[in-house]
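Colleague: Take the sequences, apply the hints, and build the full model.
Chain by chain, the residues run as shown.
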Amino acid sequence: MNYLIPLMVVIPILAALIVNIFGGKDKTVKAISIVVAIAIPVIAIIAAVGIQYFGGHDPALLASSLPSNLMGTLVASYNTGIVYVFENIERIFIFLMGIVAFLAVLTYFAEKKEVSGPYLYLIFMGIASVTALMLSNDIFNMYVFFEITALTQVGIIIASSTEDNYEIALKYLILGAIGGPILLLGIGFILGTIGSVNINDIVFAISNNYVNPYAPSLVIGFALILFGWLYSAGLPPFHTIKSAVYSKARPNGSAILQGFSVLCMLAFGIAMYKIFAYVPYFNTAIIVFAILAMALSIAMSAMEVDFRRMIAFLAVGELGFIALGFGIGTQYSIAAALFQAANEIVITALLFIGFGTVYYLTKTSDTRKLGGLIAVDSKMAIMVLLGGFALAGVPPFNGFQSKLMLVQAALDAGYTELAILAIIVSVVIFFTFVKAFHTVYLQPKPKDLKFAHEKIPKATVFSVAVLLIICLALGIFPNIVTDVFIPFAGGLI
Amino acid sequence: MMDIQLASLFASGAFIIIGLFAAIFIDNLIKKIIGIAFIEEGVNLFLICLGFKAGGVVPIFLPGMTADWFAANAAYPLPQALVLTSIVIGASTLAVMLALAMVLYRKHGTLSVSEMMGDEK
Amino acid sequence: MALYQKFLDSIKGLKSSLSKDPTTMDNVSGAIAAEFLIFVSLILAALVLRHVSVVASIVVVLLVAVLFFTNMPLAGKIKSEQSDSLEKMTFYVVIVLGILVAVIYWGLRYV
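Protein chains in written order, with the numbering used here: chain A, 1 to 493; chain B, 494 to 614; chain C, 615 to 725.
None of these hints come from the bench; they were simulated from the model. None of the hints are false.
One side of the interface only, derived from the structure: several residues of chain A facing chain B at Cβ under 7 Å:
#1 GLU167
#2 LEU173
#3 ALA177
#4 PRO181
#5 LEU184
#6 LEU185
#7 LEU191
In this text, all values refer to a predicted model and were calculated from it rather than measured experimentally. For every residue, glycine included, the Cβ atom is placed at its ideal position computed from N, Cα and C.
Modeller: Here's what the structure looks like:
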């Protein structure tokens, strides 16, 4: 029994409840939050690889004690409970999410004197649910935790007290109330066809021809789950609302929200890949949405004048690269997509927190009213610039490695056009970022620019520096993660 | 006389379509939220239909039943367990949506979505 | 040369099409970049069709190019279609849902 696997979900939930109870006492809340936020990545590192059968069920034991008429049938091989699988790939993503959450919480404490219990509750609850989403091997369980994630995302926007945040939260809920049930409907179709919601059971039933792989119910289930995946990831047509959501949270909240989205996308993407990769045009469908996401979101971000919205669109556009890797569908491209996802969690968090300092200093995010901020803190400006380089794919950062891998994979698979498109989109990302950087930091300071705070807190600088170091480390030693991703991707195909 | 399961499936489809219609076309926020609740309930009804078994028994193993008889006659319990969870999620989403509707009504003094959101037509 | 002149004119026209908000030079450069990106990605997406049929991809690329040059500038239109308006977002969400289910269901029945 490997108790650390369920503890990865239990500890954040417990922390969420405790933090909420101690709402008024700042010091206790801060201490608990910091300890738990450190504990999550540490547990992810030390936990041993393993499988957790909830309720103590073990399919091998149960299979031998079944009634005689069920022996040797499909049902005999089914799991009767929820299964959590913890492998090295989950370790990497939970670790990165834990680090980002820790730094975001640290930044939150540095920038706010009075901490809010409910806000921390939402953050920890969200972490618990995305962790469970990554671990779970059961699509209904994934749906449940995904809905909890969506609710915490809404809660984080509501708690952020920015302009128009309630309106955006309601829009996200309304669109989510279309996307979520449609996803559940897709899961229902699969359950009705196969009789189980465990991914391994579904794959077993389909690959051993217990059901017709092209049964209309399975095909409809695929269409609906693909739609739910678009919602969970924020690919078009959900990219506008997703970027609005990112831009309405506090900078540290946005850093966590984008991490949630990336993990949701990965978890459902991997599940879909395991179940439906046999469907013809599966890859084509994903590539279509990847191209839409890259072209539309990056074009929108180039036209944006609000820098928070701009980074939000860049974050959504980067998801297009992950989808592109999944869509090309070779071992190398899926590994590149996973690598890109790992990088995006770190880089986008860096940019949200780093550019967030501008909002912290001036209380405005309109680039037309900003300028000359390099004089306030040149260290932060340089770190943000390097983060932007990592995003656009400039060596020696991690974004370069993953994009290079993706482009090579596209070329190897014969999709020359997609390789060119990926490069051109990267160029526009670079252009957009440099334009924003220039207007915010380098151009002359407008006379009427007022400062709400004089200095950037040390904890924020520390957070951005740590994220930058991770970017650099992954860029120089990509083998740390690709050695895990490439065999995993090989196992998926 | 239509089969109960088939009738319920049609009803769930109707629920979902009515809900989508309301979510797209109705401007009043409360009515929109009611429509959205329809989508959720339609999906729940669909799920519960999957476990239906004509003439089946409640899936609780009572003393006196043999395992073979139980396996042949009990309804499929998994969808029922799933629907319970799904109802809870639906209820919490509904609660958050209604709370937001209240806040927005106080802020804008109207329940019309297009006025409230300031959308340019 | 007429096509080239038209292209230049349309880029100049971009500035007036963005006149709703008081633009700076940065904003116009962003709109031009977006315009190029949209054009390039449309052409490249059409080129992906060559994996299905080369003839179809030639026809579609030419069609896209002609439609693009007759409808320039697109950036402003695309931006206004992706505003935060709930109506537009729900519209596109439901349209995509309908297209996905229809194409995948009927598409796979005849594979």
